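**Student:** Chains as they are written, first to last, in the working numbering: chain D, -17 to 242; chain A, 25 to 527; chain W, 37 to 287.
What the hints contain is simulated information worked out from the structure, not anything from laboratory work.
Keep in mind that this is a model prediction, so the values were computed, not measured.
Mixed in with the good hints, there may be bad ones.
To be verified - Think about it this way: if two alpha-carbon atoms lie no more than 30 angstroms apart in a straight line, the pair counts; the simulated DSS-like pairs of lysine-lysine are: (1) Lys88(W) <-> Lys178(D); (2) Lys214(A) <-> Lys91(A); (3) Lys88(W) <-> Lys144(W); (4) Lys114(W) <-> Lys516(A); (5) Lys471(A) <-> Lys88(W); (6) Lys271(W) <-> Lys39(W); (7) Lys136(W) <-> Lys471(A); (8) Lys178(D) <-> Lys471(A); (9) Lys30(D) <-> Lys107(D).
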Amino acid sequence: MQNMVAVSSSGKVGSGRWSLVADHDAQIVVEGGCRAEIIIADSDAVVKLNITVEPNALLSVVHAVTAGGTTTIDYTLLEGASCRVTEVVLTSSELNISARLDAPMASFELDGAFILTGDERGSVKVDVAHNVADCTSRTSFKGVASGRATGRFSGLVYVAPDAQRTNSEQSSRNVVIGDAHIDTLPQLEIYADDVKCSHGATVGQMDSEAVLYMRQRGLSLVDAKRLQIEGFVADVAMHSSISDTAERLTELISAKLETL
Amino acid sequence: MFALVNSFCYFCTLIIKHCMAMSETKDKDILNSLETSEYKYGFVTDIETDTIGRGLSEDVIRLISEKKGEPEWMLERRLKAYRHWLTMKHPNWAHLDIPEIDFQDVIYYAAPKQKKVLNSMDEVDPELKRTFDKLGIPLEEQMALAGVAVDAVMDSVSVKTTFRETLAEKGIIFCSISEAIKEYPELIKKYLGSVVPYTDNFYSALNAAVFSDGSFCYIPKGVRCPMELSTYFRINAEGTGQFERTLIVADEGSYVSYLEGCTAPRRDENQLHAAVVEIVVEKDADVKYSTVQNWYPGDKDGKGGIYNFVTKRGLCREGAHLSWTQVETGSAITWKYPSCVLLGDNSSGEFYSVAMTNNYQQADTGTKMIHIGRNTRSRIVSKGISAGKSQNAYRGLVKVAKGAENARNYSQCDSLLIGDKCGAHTFPVVECHNSTAVLEHEATTSKISEDQLFYCNQRGLSTEDAVGLIVNGYAREVLAKLPMEFAVEAQKLLSLSLEGSVG
Amino acid sequence: MLKVENLHASVGDKEILKGINLEVKAGEVHAIMGPNGSGKSTLASVLAGNEKFTVTEGKVEFEGENLLDLAIEERSRKGIFLGFQYPVEIPGVTMANFMKLAVNEHRKARGEEPLSAAEYLKMMREKSAIVELDPKLTSRSVNEGFSGGEKKKNEIFQMAMLNPKLAILDETDSGLDIDALRIVATGVTRLHTPENATVVITHYQRLLDYIVPDYVHILYKGRIIYTGDKTLALKLEKEGYDWLINDYKEE
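Construct the complete structure from the given sequences, taking the supplied hints into account.
**Tutor:** Given below as structure tokens:
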């Protein structure tokens, strides 16, 4: 964790790793052409972060929601900018992400998961706006809810008129355990014809044959299921956009899964 | 139970309102045509125009009920619905741009229209005749639909009688809803409003207050209806009015296939249609409801056309099955979500839809699958096709209630865009309250590729034929669910509706 | 039958064909060979009328008629068949339906009545046998889920159905194993008569073991730089293109 520098409420960041405590609103500009990594530390406040990624910059963001609160992160991507985000939601909270692809060749990728237990209530909203042609986006969010928890994923991909050659994927995969409740709303709003947009959503249980297999090898039902769910969400951590945070995220997820 | 059903208004928070420029003149045109269309036929002489006038009031409802010779209990129901309607606001959550409708400027009761009877096919509008020919509708039916005196060629009365006899033998009741209110009050009291209560939504309340007429169908226990009720329906297609009400009751273990509408263009003078269709599918019964909707969509500049705001819902008891199939190509605005309430254990629902919009048409359609019973299954296949400057949205809700163990849903929503001025939207909502449910939703968006057109052209097909072929291929899965004869006509209809959309 | 004079064509600003001259007479088989990117597929597409390419100069006559004035489907109905290198998939449209429409459009263009269902089925059975195409494939969607070999067989099946005067086969041999290659090539040979002509575009000599060409043309950088007989193909197989290209460079 070298070069780790804290970001204050506003300012420009260049190449290197930055940490940001999400306890106040902030406006951040990632300078053109650089490669920046931002690790967002959670707080229980209501905050709004505006992050602009300048032309040809590459930004990676990792954010684990552990304190709750309401976090809104608006990304604006300029020409050729690329942004990879990893979000892990582990407690009651509201997370609103928006990405505006405002110039050609911009690319936005989001991998995330929420795990909610007990009486927790979590809501994740991801709006991706393809405002111009030739941009790509991919959103993949996984949800696990157990106990009496309520989880909600709402995604919208908007493709503006003339945003031709848009390539967008959106997926929402969810597992409900016990008396929990999950809603998912993967939405598309498309005004251009030469586009490739797909979305998929599933709500279901884990593959029961795999559980049987594991039990046959001696695992308890509870352990087998937990292992399976860990497998389901852990790849979000393993493929974290900042690779050396993978371990920390995996730990957080495992600890959370213990409470299922 | 209906609290669950009502959750559709939930959408309103989710929608990004899309605004399409709709000029004031268009609003005026619509109101004008509402006026002129109603005036054209006027009231029956024994009703004093000045005492009723336009608009809606308890007096108007009393009058409608009186005109129809309804019993007191029916009037009470209408009034109750009206009083409730007064407390409601026009919903605005759909992805539609609807000009404001002044409900006090509509005339709610017009006498049955006297169609002008033509003497031969030569008097029929050539444009209409061309469409009939393209659809391949038999001459007899063309005449019936165009309002030519059919008795000359076909004894419609005897055909009708034959149908009636066949149905009566099986104990099947199939008549107008007005007739049913008088003849079968117990069935109507029991079932009317039991699936779509007047409190359900703005238009269902309005419909419950003012419905003009519609169909009633009752299939007794264990009876398999021996014919597509469409056949009967098509030949007897009369102006059913703007506030149509349909009630189908399939008693235990029965089966019926019902087809609403017609591939032939319906020339209807009413601008606003707010129909309600209720289906009760009792234990182990099976109902297949198919719709082909080809009402006037307005001209290529988006002028005129019908507003089709429909509430359609079926209630499935234990082991029951309900399948909705719709091919929607007409109307300026289509707004409907044929739904299944899967109340009984092991019940299942299906929704197959092709919605095509061209020019300035708008469609916001889809389904709701409400899983309440255990082991309930549902399947949704929606194919949207947008061309011209149209907007086409799929909106769906899959809801699994707490007790709905082992519920399964599969949804597939595809959009095909033709041209770069149209829009295709997908707004699915999946709500899951049970951990044993398995729900899948998939959606794709595609266009007709240049490569596909080149390939077809190279084999000698014109571009228009190629587009028709590709669109029909795209919609095949849904068309295959239609009764055979309509599938063929619906295919032609899709090609026809696309005319002028490919340059 | 086909007369191409000084044909230039481009896509966008990029000129791909830079003056092609080619004459094909009835009864002849021509092979067009050349390294990747030399313009072989473009030539096929331009002759078929693909609007992606703009003809900037030159003339193409087909049976005395100006081909360039005709739309793609009109060329098809006049008897030009293009066997695609990458046959496109058309979901939901069955092969049988697709071909029925195509065959009847061709018949209409010749002033003939459409085929009855029985005649059509009989024709399909006969023609699919030529390329040993599994008859079940005709009830599947056009090219959807077909293997590489099935797609190519399907192209030759369609050629048999439409009975063209001039068949242009674009890399029909690519992606085929030796059995499929034999079947496809035998099919093409069986369809060849003194009244029609075949232009085979290929990379490899191996196809020409089955389809014996009267002429072999080498296309390079948008021009035909060399024309020879079937021995040319064998020489290319052994020695590659370099000697030709080098010659050309020296010119």
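**Student:** Taking the hints in turn, state whether each one holds.
**Tutor:** Here is what the structure says about each hint:
| no. | hint | result |
| --- | --- | --- |
| 1 | Lys88(W) <-> Lys178(D) | holds, 21 angstroms |
| 2 | Lys214(A) <-> Lys91(A) | holds, 23 angstroms |
| 3 | Lys88(W) <-> Lys144(W) | holds, 27 angstroms |
| 4 | Lys114(W) <-> Lys516(A) | holds, 27 angstroms |
| 5 | Lys471(A) <-> Lys88(W) | holds, 17 angstroms |
| 6 | Lys271(W) <-> Lys39(W) | holds, 27 angstroms |
| 7 | Lys136(W) <-> Lys471(A) | holds, 24 angstroms |
| 8 | Lys178(D) <-> Lys471(A) | holds, 9 angstroms |
| 9 | Lys30(D) <-> Lys107(D) | holds, 14 angstroms |
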